[in-house]
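J.: Below, each chain spelled out in residue letters.
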Amino acid sequence: MTNAPPYIRQKDSCRTLTEDVLIVLFAVYFMAVYYYGARAAVLGVFSAGVAFLCDIVCKLLLRQRITLREHSSLVTALVIPLLLPASIPYSILAAAVVFALVVMKYPFGGVGGNLFNPAAGGFAFAAICFPRDVFAYPTPLERLDIFGSYAGRSVTSAAYTLKAGGIPSVGDFVEMLLGNVPGPMGATNILVVCACLLYLVIRGTVRWQGPVFFLATCAGLAWLFPRASMPGNESVMYELFSGILIFGAVFMLMEPVTSPKRPTGTMLYAVLTGVMTMLFRRFGGFEEGFPFALLLCNAFVPLFDLADELLHRKIRRARLVSSENEKAS
Amino acid sequence: MEAIFQFLFYALTAALLENIFFTRALGIRHAMFGSPREILSHGVILTGITFASSFLCYGVRHLLAEQSLTPVLAALCYLACVTIVYLAFLPVCRRPDLRRMLPVSAFNCAVLGALILSSPGQDSLAAAAGFGLGSGVGYTLALFLIKTGRQRLELITLPRAFKGMPILLLYTGIVSLAIYGLIGHQLPT
Amino acid sequence: MFLLKTRKHHNRVRRLPGLITENPVLALGLALPFVIAASYSLRAALCVFTGMVVATLPTVLLASLTGSRLPAFIRTPVYALCAMALLLPAEALLTAHFPVILDSLGVYFPVLAVNTLLMHLCEKEELWGHPLAALRRTGLALAGFGAVMGIVACVRELFGAGTLWGMPVSWISWRIDALLFPFGGLIVIAFLAAGCRAIGRLLRGALYQSDQRLQRDMLRDAAHPPRPDGVDGTPISK
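Chains as they are written, first to last, in this note's numbering: chain A, 1 to 329; chain B, 1 to 189; chain C, 1 to 238.
Just chain A, same shape as in the assembly (with noise of 0.2 Å):
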């Protein structure tokens, strides 16, 4: 044998799926470059060479090799941007990153191994050591400084008006469609944002029961419960399209390594981050709750996987029974 293993080769390989949201994450920061300038752009080429300075170190420790052909990691660092203010410090978005690589990723092993979304580590360690940062966002069409601090008057989003009770006051359905709305630089863009969902469920990098299943279910709780006084169907408008949650249920809640290897699993993996997104957006200390319910979720990930073996053993089983019997008789 001259080959390594393996010898069952599938047309998919980790590069693949991550090139397909590469390609996918490029026309988000167009539109993020739209709306606030250069300074979008120069943000993501930030994060990923402190990714890239990050791969290296931890691969050199771990004595593992060092190769550019796999984007998992820049994935991550173009992930995390897109889920802050394009007004956050250079210092706060290194300190995502590194947390998100050095604490998040290598230490369970590096790529493949990591049991919880790197991206929403980031996030929540950054929503919790900056919170003033990281919660406070410049008006979109406003340039901002490419280098240097925001000087700018910074404004609260959709979500936190919803968190305090109150209806947001952010324009009409189409500006929030549109994401001409304050928010975090990559996760207002719905549109933008559903056409990557449908290209990457289309490529078959994303499964469609995760994020339909998601919004669903956070749909319908926004309906039943809404937060402030307002009919269940701009509940659910508002709801879905503030803060992350749409960006989230493309980017960060399939996640190949993290996320549930089954389809009923998946099913039942989104409806639970789902539910958990709502309290955690209803009774949490944030005012986006989704990362930490994201992380809360992929704990129970391995029980999912169960659940759906159990329950097709369960069917397969039933299903031999009565063709057995079928013959009998």
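Keep in mind that the hints are not guaranteed to be accurate.
[As the list claims (entries may be wrong)] Covered by chain C, per the in silico footprint, the following chain B stretches (three or more residues, Cβ under 8 Å): (1) 24-35; (2) 49-59; (3) 154-164.
No lab work stands behind these hints, which were simulated from the structure alone.
In this text, a Cβ means the ideal position worked out from N, Cα and C, and glycines have one as well.
Position chains B and C relative to chain A; hints supplied.
T.: This is chains B and C only, laid out in the frame that chain A set:
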């Protein structure tokens, strides 16, 4: 009816929001080892002892309400209550493995910590009992969650320096970070 | 196998069990709640360490004297109640010097009476009937606990609050609030334990390599012994 509501409310709060394992790191050592059966036995005994002791501690608190006790003196009284409950549990736990586990499950930071923490806020017996039961149940569920994590970690090729206790502490820390998002502030000690 | 330096190092560190090898916190996972949650400042760490010493040392001494005589079911409650009684004077002493710190420690001071380090040492049958050995073993374990507690408290207070012993440190301009919470303590201890393990392994590896080099040199000298005389190696004629 109000008593039942208080009981359930404080039980849920103790099990989820103020989980003594994840929010206060009490009783962490027992999460490092043990099969599911050992975890279940330990958890059931611990829950029973905490629940029963919470009744006695409530009585002691009301008896000594006039005295200004220092925290350690109050804890000494609670420890005496735990000892009484432990001696009452001894005839019930006849199996050798349960007998061996009983002292460990009765006298640990989780039980005493739950009893001390239940004292400031709970004015009624239902609230105190609910907090005691919820603490035990929440602790047991936390142990099972950590056991799930341990099983997953065994399947991964971990860096040698992190194998065993370090990675388990890191895993617990990340779950604790997630739960902190629900609380949003430092809990009173 | 030639392991001269490795064995010397091994024997040296084995003489202090509990301090370096078998460290109660980093190796055995004992007394973790105090290092995780109560080590948010140096002063809090000192209060906890004082309570730990006052509660543990006499109780382990008592256990070494009475352990074999007490029935198994009564030993643990006796140790716990004894340790709690010993904490009363410690509480009075610390209240006089650090009232605010002791109050902020909350539940973590009274539960010192039932900590796993105390129970582990009291139940060590090899120490029963040997009070001096028990005192030595406990002293080393407490020193190991104190060292870890001190290091973690320094790191957390310095980078979490920007102070040391309550005094602001001027060169710290950036604070990481997450270090002051229990999950921050868990992450710090996880990395400290992993770091100590890695350093220990590197040290043992370096000593082993050094032993191998020494062995190669000795074997080479034995095969080709150096000539005894002359600058150019020629024997000096008599």
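J.: The structure should be examined with respect to each hint, and the outcome stated for every one.
T.: Comparing the hints with the structure gives:
Judged by the Cβ-Cβ criterion of 8 Å, the region 24-35 of chain B is covered by chain C as claimed, because 7 of its residues qualify and three suffice. Check result for the region 49-59 of chain B against chain C: violated, 0 residues qualifying (beta carbon to beta carbon below 8 Å, three or more required). Counting residues of the region 154-164 of chain B whose C-beta sits closer than 8 Å to any C-beta of chain C gives 4, which meets the bar of three, so the coverage hint holds.
Violation of the numbered hints given earlier is confined to hint 2; every other hint is satisfied by the structure.
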